[in-house]
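> Let the hints inform the model, and build the full structure from the sequences given.
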Amino acid sequence: MNWDDVRIFLAVARAGQILGAAKRLELNHATVSRRIAALEDALRTKLFRRLTTGSELTPAGERFLDIAERMEGDMIAARSTVAGEGDDVSGTVRIGAPDGFGVAFLAKRLGALTALHRELTIQLVPVPRSFSLSRREADIAITVE
Numbered sequence: 018m019n020w021d022d023v024r025i026f027l028a029v030a031r032a033g034q035i036l037g038a039a040k041r042l043e044l045n046h047a048t049v050s051r052r053i054a055a056l057e058d059a060l061r062t063k064l065f066r067r068l069t070t071g072s073e074l075t076p077a078g079e080r081f082l083d084i085a086e087r088m089e090g091d092m093i094a095a096r097s098t099v100a101g102e103g104d105d106v107s108g109t110v111r112i113g114a115p116d117g118f119g120v121a122f123l124a125k126r127l128g129a130l131t132a133l134h135r136e137l138t139i140q141l142v143p144v145p146r147s148f149s150l151s152r153r154e155a156d157i158a159i160t161v162e
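Under the numbering used here, the very last position in the sequence shown is 162; numbers go up by exactly one each time.
Hints in this document: simulated from the structure, not taken from any laboratory. C-beta: ideal position from N, C-alpha, C; glycine also. Accuracy of the hints is not assured; some may be wrong.
[What the hints assert, rightly or not] Computed Cβ-Cβ distance ranges for the label pairs, DEER-style:
#1 D83 with K125: 32 to 40 Å
#2 M18 with R67: 17 to 25 Å
#3 T48 with K125: 32 to 40 Å
#4 R67 with A94: 32 to 40 Å
#5 R67 with W20: 20 to 28 Å
#6 T48 with T109: 16 to 24 Å
#7 D21 with P76: 20 to 28 Å
Set out below in structure tokens:
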């Protein structure tokens, strides 16, 4: 099993579609499809149901998602430990926020944060839609009442 295939699996599971994952990963959608097929072959099971609206996890895909997320956490921890990272801020943070709040308020303020931490990528995800924080669709969810 290839870690890159697992990483692509996580992106498709979080995006709910191959095209969305391909854009997020900056890969061709055909490449993402091939990598998912290779992972499914390696695991000898289907991980997604292909629908006209996107990709839905199968029961096996749901079980593998839990494992893949633990693998992702272990990979991040390993990189930090081996590289001796501590104070450096890097990676991707997904923030779910109402569209107006995200554009009018957050976007202006997050530019300074990403300028300070060049290795940090912040993705603003517009609401309204439900987020699954446990599936890492968003790392932070903001609601305005």
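> Give a verdict on every hint.
Here's how the hints hold up against the structure:
Separated by about 37 Å at the C-beta atoms, D83 and K125 satisfy the suggested range of 32 to 40 Å. For the hinted restraint 17 to 25 Å between M18 and R67, the CB-CB distance of approximately 21 Å keeps it satisfied. For T48 paired with K125, a C-beta distance near 35 Å keeps the hint of 32 to 40 Å intact. In this structure the hint that R67 and A94 lie 32 to 40 Å apart at CB holds, the actual value being about 33 Å.
Remark: the range hint 20 to 28 Å for R67 to W20 is upheld by a beta-carbon distance near 24 Å. Roughly 19 Å separates the CB atoms of T48 and T109, a value that falls within the hinted 16 to 24 Å. As the Cβ distance of D21 to P76 is approximately 24 Å, the hint placing it in 20 to 28 Å holds.
Of the numbered hints given earlier, the model fails none.
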